[in-house]
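K.L.:
Work the whole structure out from these sequences, hints included.
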Amino acid sequence: MSSEHYRGVWVFAEQRDGKIKGVACELLAKGRELADALQTELSAVCFGHGIGEVEQLIAHGADRVYLVDSPALANNQEDLLTQQLIEMIQQHRPEIVLAGATALGRALTPRVAAALPTGLSADCIDLEIDAEKRLLLQTKPTFGGNIMAIITCPKARPQMATVRPHVFSRGEPDSSRKGEIVKLDFNRERMTSRTKLLDFVAEITETVRIEEADVIVAGGRGLEKAENFEMLDELASVMGAAVGATRAAVDEGWTAYSHQIGQTGKTVCPRLYIAVGISGALQHVVGMQTSECIVAINEDPNAPIFEVATYGIVGDLFQVVPMLTEKLKKR
Amino acid sequence: MNVVVCLKQVPGTTQVKIDPQTNTLIRQGIENIINPFDTYAIEEGVRLRERTGGKVTAISMGPPQAETALREAISLGADEGILLSDPTFAGADTWTTSYTISAALRKLGQYDLVICGRQTLDGDTGHVGPQLAEMLALPFIAYVSQIEEIADGSLRVQRMVEDGYEVVESPLPAVITVVKEINMPRLPSLRGIARSKSATIPVWGAKELNTDPGRVGLAGSFTRVIRIFSPQRVCQGEIFQGEAEEQVDCLVNRLKDDGFI
Ligand SMILES: Cc1cc2nc3c(=O)[nH]c(=O)nc-3n(C[C@H](O)[C@H](O)[C@H](O)COP(=O)(O)OP(=O)(O)OC[C@H]3O[C@@H](n4cnc5c(N)ncnc54)[C@H](O)[C@@H]3O)c2cc1C
Ligand SMILES: Nc1ncnc2c1ncn2[C@@H]1O[C@H](COP(=O)(O)O)[C@@H](O)[C@H]1O
Numbered sequence: 097m098s099s100e101h102y103r104g105v106w107v108f109a110e111q112r113d114g115k116i117k118g119v120a121c122e123l124l125a126k127g128r129e130l131a132d133a134l135q136t137e138l139s140a141v142c143f144g145h146g147i148g149e150v151e152q153l154i155a156h157g158a159d160r161v162y163l164v165d166s167p168a169l170a171n172n173q174e175d176l177l178t179q180q181l182i183e184m185i186q187q188h189r190p191e192i193v194l195a196g197a198t199a200l201g202r203a204l205t206p207r208v209a210a211a212l213p214t215g216l217s218a219d220c221i222d223l224e225i226d227a228e229k230r231l232l233l234q235t236k237p238t239f240g241g242n243i244m245a246i247i248t249c250p251k252a253r254p255q256m257a258t259v260r261p262h263v264f265s266r267g268e269p270d271s272s273r274k275g276e277i278v279k280l281d282f283n284r285e286r287m288t289s290r291t292k293l294l295d296f297v298a299e300i301t302e303t304v305r306i307e308e309a310d311v312i313v314a315g316g317r318g319l320e321k322a323e324n325f326e327m328l329d330e331l332a333s334v335m336g337a338a339v340g341a342t343r344a345a346v347d348e349g350w351t352a353y354s355h356q357i358g359q360t361g362k363t364v365c366p367r368l369y370i371a372v373g374i375s376g377a378l379q380h381v382v383g384m385q386t387s388e389c390i391v392a393i394n395e396d397p398n399a400p401i402f403e404v405a406t407y408g409i410v411g412d413l414f415q416v417v418p419m420l421t422e423k424l425k426k427r
Numbered sequence: 082m083n084v085v086v087c088l089k090q091v092p093g094t095t096q097v098k099i100d101p102q103t104n105t106l107i108r109q110g111i112e113n114i115i116n117p118f119d120t121y122a123i124e125e126g127v128r129l130r131e132r133t134g135g136k137v138t139a140i141s142m143g144p145p146q147a148e149t150a151l152r153e154a155i156s157l158g159a160d161e162g163i164l165l166s167d168p169t170f171a172g173a174d175t176w177t178t179s180y181t182i183s184a185a186l187r188k189l190g191q192y193d194l195v196i197c198g199r200q201t202l203d204g205d206t207g208h209v210g211p212q213l214a215e216m217l218a219l220p221f222i223a224y225v226s227q228i229e230e231i232a233d234g235s236l237r238v239q240r241m242v243e244d245g246y247e248v249v250e251s252p253l254p255a256v257i258t259v260v261k262e263i264n265m266p267r268l269p270s271l272r273g274i275a276r277s278k279s280a281t282i283p284v285w286g287a288k289e290l291n292t293d294p295g296r297v298g299l300a301g302s303f304t305r306v307i308r309i310f311s312p313q314r315v316c317q318g319e320i321f322q323g324e325a326e327e328q329v330d331c332l333v334n335r336l337k338d339d340g341f342i
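Going line by line, the protein sequences match chains X and S.
Throughout the first sequence, residue numbering follows my numbering, covering 97 to 427 in sequence.
Throughout the second sequence, residue numbering follows my numbering, covering 82 to 342 in sequence.
Everything labelled a hint here was simulated from the structure, so no lab data went into it.
Take these hints with a grain of salt, some might be off.
[What the hints assert, rightly or not] A partial selection of chain X residues facing chain S, derived with a Cβ cut-off under 10 Å:
1) V208
2) V311
3) M419
Glycine included, every Cβ here is placed at the ideal spot set by N, Cα and C.
P.N.:
The structure is reproduced here in C-alpha cells:
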C-alpha cells in the first residue's frame, strides 16, 4: 500500500502500574508540532489496565486516545503489546509512530517494525518534518554521540522512531483541549504470549528519582571512592536533588547502575545539573546536555565538561563541594 | 545447548571524524574490533556450553575482513564461526541485517538460544536482536543481566529495566540481548588462539542463503541516512575566577539570580 494511504501521527504512551510515563507527554508535545506541520491528527496509544488520567494525554496535545484496557496488559507483557500494536497499525495506518527509547520501547518497536515491515530509527534526539515530501527527519547520535545522523524512511510506512526521554520538553497541559477517547477491545484468545514476567525487583533506593528530579548532583571518577559519594548525598539533600553518576563511577561499584547517566544509562533533563569530578565524555554528555543549567566542578580546566557547562568552577572538588553544601545550608 | 552468538565488527573507537569533502566517515587507519557489547554475548555463550555441553556458533554479517572478528571469537571460546558476506549485503540497515542473519539461522537449523549484544558501537540501535526474534517467530528478552536457569527447553533470566530488574521466563529456542553486567569476558586462551588460526570460516552469501535481492543491503533497506555531521561544542558558559571560596560565592549568587535556589 502506498504512502498516501497512511495518515496521522501516533505516540505510544507507555505506562507502568497504571501510571503513564512522562516521556509520553514529551512525545505528544513534539508529536503535536509534527502533526500540525503535516496537517493531520495526533493520537496516543495506551495499553494497560486501570490506567489513571488518560485525559492528560489529550491535555498534552492528542486529538484521540486509543485505549486498550485489559488485565492481561497490566504489566506490559511484551508479546501481547507487540501483537496488539502491529494489528492496530495495520488497521489504522498512521504515517508516523513514535515511542520512548525506554527499556520497553527499545524492545517493542524493533519487533513491530520487523513485522510490518518498515524502517525504524533509535534513540532520536530531534525530529522534524519535510512537509512537501511528508517525511520525518530523524536525528540520532551514532558512535556514542560523536556523529549525528539524519535518517529518513522514504517509502515504507509508518515511519517509526524511538526518542530518548527528556530530550523534548513536556509543555504545559491544557485541560480545555478537546479530544476523543476510543476504547478498543483486547482479544486475549487470539494472542500468544511466550515470555512470562515473573517478578520485578526495584533497585532505586533514593527518595528522588533521577528521571523526575529538578536538580541532579552527579559524580564521576574524580570522587575516587564509594565513601566520597556521601559528600554528594549531602549536597543533594540540601538541594532536594537526586544523585546521578558516570559509567566510570558505576563500573567502580560506587553506586548502582540505575544512577548511570549517558548513552548506556539514562537521559535526564533537570533544570539544574551539577557535574562533580566528571570529565564530560560524549557518552556521558548525550545523557544530560539538554539540562537547563549545567554546573561543572573539575580541577582540569581543559575537561570537555566545561564546553557544555553554563557555570564552571575549576578547582578541587574535595574543597569546593563541602563549601558549597555549607553555604547552601546557611541560606 | 547449542548457542548462536551474533557479533559485528566495528571501528575500535568512537572518535571518528567526517571527511568534509565526501561527507562520509573516515575509516582509514582505524583498527576494527568486535563490538564491545558482543564480547559479553560470546562469553555468556561459552559459559553456557561449559555448563551444558553443545556448541557455540559465532555469526557475523559484514565485509570479508569481518572474518578476523570471527577468528577472535573462536580464540575466546566459540567453537565455529560463519561469515555472512556478499556484495549485495552492503549498506544494510538494521531490518535488512536482521533479515540476512535470520536467513542464516534458518539454514543453520539446530540452535537453542541466540545471543546478541545490547547495541553496536557504530549504529547504536539495538534493533537486530528483537528484529531477528520477530522474523524467526521466536520469543525475545532484551537487556539480560543474568541467566538464572536454563534447562528443559526453558530459560529464566533477569533483565535490566529503568528502576531495577525483571525476572522473565521463556521457552526455548529464544533470542536474548545481553548487557555488560552479565559477565566478565575472559582473555583469549592459547588453545583458542591456535584453534582460531586453523579454523575454516565458511562464507555464506546470497546464493547460500537464497536471500531475496529486494530485501538485503542498501536496496532492501527501509531507512536512508541523508546527512551525517559532527555536533558542535563550544564553551559559552562562564568559568568563575579566583580562590575556591570566591568561585563558590559567585556560583551561589548566579544560581540565586537564575532562580534555581
Ligand atoms: C559504548 C560506551 C558507552 C558508554 N556509556 C556511558 C554512559 O552511559 N554514561 C557515562 O557516563 N559514560 C559512558 N561511557 C564512558 C565514557 O566514555 C567515559 O569513560 C566516562 O563518562 C568517564 O567518566 P568520568 O567523567 O567519571 O571519569 P573520567 O573521564 O576519568 O573523569 C574524571 C574527571 O574528574 C576530574 N577530577 C579528578 N579529581 C578531581 C578533584 N579532586 N577535583 C575536581 N575534579 C577532579 C578529572 O579532572 C577528570 O576530568 C561509555 C563508553 C562507551 C565506550
Ligand atoms: N552485521 C552484524 N552481524 C552480526 N550480528 C550483528 C550485526 N549487526 C548487529 N548485530 C547484533 O545485533 C546487536 C545489536 O546491533 P544494532 O542493532 O546494530 O545496535 C549487536 O550487538 C550484535 O549482537
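K.L.:
Could you work out which earlier hints the structure fails to respect and list their numbers in ascending sequence?
P.N.:
Every hint satisfied by this model.
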